[in-house]
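Between the sequences and the hints, there should be enough to build the whole structure, so can you do that?
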Amino acid sequence: MARLELRNLEKNYGAVKAVHGINLAVEDGEFMVLVGPSGCAKSTTLRMIAGLERVTGGEIRIADQLINDRPPGERGIAMVFQNYALYPHMRVRRNLSFGLRLKRRPRSEIEAATNEVSNILEIGELLDRLPKQLSGGQAQRVAVGRALIKKPRVFLFDEPLSNLDAKLRASMRVRITDLHKQLKAEGEQSTAVYVTHDQTEAMTMGDRICVMKEGRIMQVADPVNLYNHPANAFVAGFIGSPEMNLVDADLSSNGELRIGTQTIRLDDSFRGRIREGVTEVTFGIRPQHLAIVRQDEQNALAGKVSHIEFMGHEIYVYADVEGHGFIVATPAAGFDRHHLSDGRIRIRSQAGAAHIFDRLTGENISLANRT
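Residue 131 in UniProt numbering sits at position 131 of the sequence shown, with consecutive numbering throughout.
One or more of the hints may lead you astray.
[Claimed, not checked] When the alpha-carbon atoms are kept at most 30 Å apart in a straight line, the in silico DSSO-like pairs for lysine-lysine are as follows:
(1) Lys-167 with Lys-184
(2) Lys-151 with Lys-132
(3) Lys-103 with Lys-132
(4) Lys-184 with Lys-150
[Said to hold, decoys possible] Now the in silico label distances, taken between C-beta atoms and shown as ranges:
(5) Asn-228 with Asp-320: 24 to 30 Å
(6) Glu-280 with Gln-350: 49 to 55 Å
(7) Asn-228 with Gly-325: 21 to 27 Å
For the record, the hints were derived by calculation from the structure and aren't laboratory data. The beta-carbon is built from N, C-alpha and C at its ideal position, and this holds for glycine as well.
In structure tokens form, the structure reads like this:
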């Protein structure tokens, strides 16, 4: 078993607190992604798990064993770094097997393990090359192989794909997630913590995602729930591409939202979920949940088109509604930009698709009474 648990974990740098008593459980065999903007302490958290940063307060447990004071080599972890961290003077074969040789494993065991890992990652033809002779994708596969060969209890990935181009990142995402599924299916230790600032990586790779901000956990959920039910405005704005439209509004007791001088009415099922007593709110709606409607359509917002982007399968229409910016994502098939030639646009949200956030706390109050 390789369940990882962080209990009230803290990290201080002098008077500056970087990690604020976070609690997180990563189940045995789970692929957990830590995601957030630069400076949110996700890498610091990973480095504390690895033993590369000292813990200021709280506990780190693997398989219910406290590991706070254990050196990195005795924690049962393997880490893949952003810069690959391959030994430049060693050929790929020795880079892969270095950890096993340090532990003085038998030569036959080392050779068998090296061949097994090279076959899994399809790097057999690279074994006699030096790191300088590898492409970025090849070097990253070697770095993953060096972690895999150790058969750790927990894999740690610190933004391992950030140095690759977009196409290679996409293929490596698939390769890493497939490898995790393969290990899990074969009964191998496969608990993984993956750090990234790229929400696309997070959404496509993680069994669950932990969204962090300024050393605090904002929400932990699977990708679907994180996208559909964000706990607060920060998560709503960070997850999703393009990002959610977030606009200040005033909410009346009868379920009407006022944006500038315009008013829209929330549908009945939605109004029943709104917490009472909050009037200053942020209206949130994803671009994919907005529709362009006729100029005489009721319960819609009127604005002006400022920009149109062709994205292949989708069209992004940027609209200004009394100084508030909205993005509408609409299918490219059948889209006719000529009916927007006068610059006028009218947009309406799908029933029940909007979110209402407390403007002061950022909390998603439209989820308060959701069952």
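Could you check the hint for me, namely that Asn-228 and Gly-325 are 21 to 27 Å apart, CB to CB? holds (23 Å)
Please work out if Lys-167 and Lys-184 have their alpha carbons no farther apart than 30 Å. holds (26 Å)
Does Lys-103 pair with Lys-132 here, judged by a C-alpha cut-off of 30 Å? holds (27 Å)
Does the Cβ pair Glu-280, Gln-350 satisfy 49 to 55 Å? Given about 24 Å between the Cβ atoms, the range is violated.
Restraint check for Lys-151 with Lys-132, where alpha carbons must lie at most 30 Å apart: holds (26 Å)
Distance restraint hint 24 to 30 Å, applied to the beta-carbon atoms of Asn-228 and Asp-320: Roughly 27 Å apart at Cβ, these two residues keep to the hinted range, so it holds.
Are Lys-184 and Lys-150 close enough, with their CA atoms no more than 30 Å apart? Given that 30 Å is the threshold and the Cα spacing comes to 16 Å, the pair holds.
Hint 6 alone, counting from the list given before, is not met by this structure.
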